[in-house]
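Novice: Chain by chain, the residues run as shown.
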Amino acid sequence: MSILILAEHDGQQLKKAARQTISAAQAWGLPVHLLLVGDNTAAAAASAAQVAGVARVIHVDAPHLAHPLAEDVSAIVVGLARDYKVLVSAHTTFAKNILPRAAALLDVAMVADVIGIKAPNTYARPIYAGSVLATVENSDALQVVTVRATSFDAAVDGGNAEITTLPAPAASGKSRWVSEVRNESDQPDLASAPVVISGGRSLGEQFHQLLTPLAQKLEGAVGATRAAVDAGYAPNDWQVGQTGTIVAPGLYIAAGISGAAQHLAGMKDSKIIVAINHDPDAPIFSVADYGLVADLFEALPALTAAIGK
Amino acid sequence: MKALVAIKRVIDHNIRPRIKPDGSGVETENVKMSINPFDEIAVEEALRLKAQGIVTEIVAVTIGHGHAQDVLRHALAMGADRAILVDSTAQLQPLAVSKILKAVYEREQPQLVLLGKQAIDDDAGQVGQMLAALLDIGQGTFASKLEISGNEAIVTREVDTGSETVALQLPAVITTDLRLNEPRFVKLPNLMMAKKKPIESLTADELGIDTAPHLKVVNLAEPPARKPGIKVNSVAELVEKLRSVGAI
Ligand SMILES: Cc1cc2nc3c(=O)[nH]c(=O)nc-3n(C[C@H](O)[C@H](O)[C@H](O)COP(=O)(O)OP(=O)(O)OC[C@H]3O[C@@H](n4cnc5c(N)ncnc54)[C@H](O)[C@@H]3O)c2cc1C
Ligand SMILES: Nc1ncnc2c1ncn2[C@@H]1O[C@H](COP(=O)(O)O)[C@@H](O)[C@H]1O
Chain A
1 MSILILAEHD GQQLKKAARQ TISAAQAWGL PVHLLLVGDN TAAAAASAAQ
51 VAGVARVIHV DAPHLAHPLA EDVSAIVVGL ARDYKVLVSA HTTFAKNILP
101 RAAALLDVAM VADVIGIKAP NTYARPIYAG SVLATVENSD ALQVVTVRAT
151 SFDAAVDGGN AEITTLPAPA ASGKSRWVSE VRNESDQPDL ASAPVVISGG
201 RSLGEQFHQL LTPLAQKLEG AVGATRAAVD AGYAPNDWQV GQTGTIVAPG
251 LYIAAGISGA AQHLAGMKDS KIIVAINHDP DAPIFSVADY GLVADLFEAL
301 PALTAAIGK
Chain B
1 MKALVAIKRV IDHNIRPRIK PDGSGVETEN VKMSINPFDE IAVEEALRLK
51 AQGIVTEIVA VTIGHGHAQD VLRHALAMGA DRAILVDSTA QLQPLAVSKI
101 LKAVYEREQP QLVLLGKQAI DDDAGQVGQM LAALLDIGQG TFASKLEISG
151 NEAIVTREVD TGSETVALQL PAVITTDLRL NEPRFVKLPN LMMAKKKPIE
201 SLTADELGID TAPHLKVVNL AEPPARKPGI KVNSVAELVE KLRSVGAI
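Sequences listed follow chains A and B, in order.
Heads up: the first sequence at position 38 corresponds to 38 in the working numbering, and the numbers run straight through without jumps.
Heads up: the second sequence at position 130 corresponds to 130 in the working numbering, and the numbers run straight through without jumps.
Not one of these hints is a red herring.
With a cut-off of at most 30 Å between alpha-carbon atoms, the simulated DSS-like pairs for lysine-lysine come out as follows:
1) LYS174(A) to LYS102(B)
2) LYS99(B) to LYS32(B)
3) LYS241(B) to LYS227(B)
4) LYS216(B) to LYS118(A)
5) LYS227(B) to LYS118(A)
With beta-carbon atoms standing in for the labels, derived distance ranges:
6) VAL178(A) to MET1(B): 18 to 26 Å
7) SER2(A) to PRO213(B): 26 to 34 Å
8) ASN30(B) to PRO301(A): 46 to 54 Å
9) ASP279(A) to ALA225(B): 20 to 28 Å
10) LYS187(B) to ARG82(A): 48 to 56 Å
11) THR28(B) to LEU166(A): 46 to 54 Å
12) GLU237(B) to ASP279(A): 15 to 23 Å
Far from chain B by the CB rule (all over 12 Å, computed), these chain A residues:
13) ALA27
14) TRP28
15) PRO31
16) ASN40
17) ALA42
18) ALA55
19) ASP153
20) THR164
21) PRO167
22) GLU205
23) HIS208
Treat the hints as calculated values from the structure; they're not laboratory data.
Where is the CB? At the ideal position from N, CA and C, for every residue including glycine.
All chains should be modelled from the sequences, with the hints used to inform the complete structure.
Specialist: Written out as structure tokens, the structure is:
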């Protein structure tokens, strides 16, 4: 028996979260197979086959899979899953959409957002926005799991997996893709950036002006609280937290962020946390390695100026 | 068309949950409980579709024990027409919840099923997708915009790279994201009036659903605390500290 990873890719190569899932999957000590779904995935499959720890890459191509719809991809996953012991993916919007659908079709439970694999069927996962850590045991013969990518190192190249192509089932017809808006920006991918500079709603209209130069100097990504996103200062895919992106960079700078549990849930596993807030009692200071009680409108430009000197 | 809205009663999002001394669960006695925030957004969306004349009847459903009535009253006070309580004391997990909701769907035959994208207690994010799978219908998860056009639901979904729009054949399952709408405030008179609206009571057994859990919670614990940090007095000191630990 082996492990099947539903791997997210960008058409050319695996996303970093897929590489992190590959290392997470080593915990089961079974051969790891990757499933890539899309239109024209040959290049991505060839590149995925080079990753250490991968035994086989299966790719399924069809024009209607160019934008993977849950109805179609879950059918492909279900068609393969019976031959596997574990079905796993990273806990990103891609898999969050597809894997629960596949699990229900297979009549098995799913364990979401796993941060530690303690035994082949026992997992650690945060609940209540990370306020509680649960250990859960899954009694199903097929384990369906999503892992929190930031809790695992990315697998590196050094493998040589066999590549197989499987035919795609016809489109379900229950849904169709219409359009997408990609929030294109020059910034590194938020979920995997080594440095993240986040701001809260108090930055107001100066959100970008205050954070972007600092992020550029530190080669980091800009993040935001939900309040900042709601106020329209930052795009929705910058939201860090329980219901946004989970990050765990080497350095996280929180400016003008109160530190609500829902925000902490998305960043408190960062290696070093800096908080800048003018309220000395702000809860964000409880997770900060370095706290600066200051007005952010002065501190941020000063910090930007001081770095790189 | 009829809309079915699934709502869950959870510990209020402003309350910090406490683990019971024996580690068996999270304390809910004498703790403020509320409708899951995403589910309140789902109710609000149904109300807006009703105001547009698209939805004609809104049925709210919750699965839980007797106390769960209060979130149904909340939905009724917001404007839902009827409510169903599926009484169950079992420890409910997403797969069992979706099976119960499927049975309710089959009784009600709605065209639109609205759920939250995630319950803020278990943070599972699964029931909507599982329900759509069991019903063999389309799903629009993490919706930030919903329009009904003819026989289709046009859903804009929040995804990691931005947003994506899909069109779903009705009936369909939609799960809500925070930006879909801002739920209305419930006024006291409406709460009083909601007391007159009907709540039907069913049990999982009556519906013939096996709710046996697949997952067992072995243990609950506080997450490891971060080691205490220090306060720095100036930007210069901050920069010096960050340099000394190699963070910049
Ligand atoms: C279901 C649900 C899910 C949620 N999910 C998320 C999520 O994923 N991510 C998230 O972030 N939030 C989330 N939230 C919202 C969360 O509860 C908080 O409301 C939000 O994080 C607060 O954002 P904020 O820190 O920007 O604003 P506020 O809480 O208003 O804090 C502003 C802070 O800025 C400080 N400040 C103001 N002016 C200055 C100044 N000049 N200099 C220095 N400091 C200053 C203040 O002291 C204060 O601490 C969620 C809420 C709910 C109900
Ligand atoms: N016990 C329940 N009763 C009614 N609806 C529920 C219940 N549990 C979950 N749901 C619905 O399913 C959504 C997702 O829940 P979950 O998959 O548990 O995160 C919630 O936002 C609700 O809309």
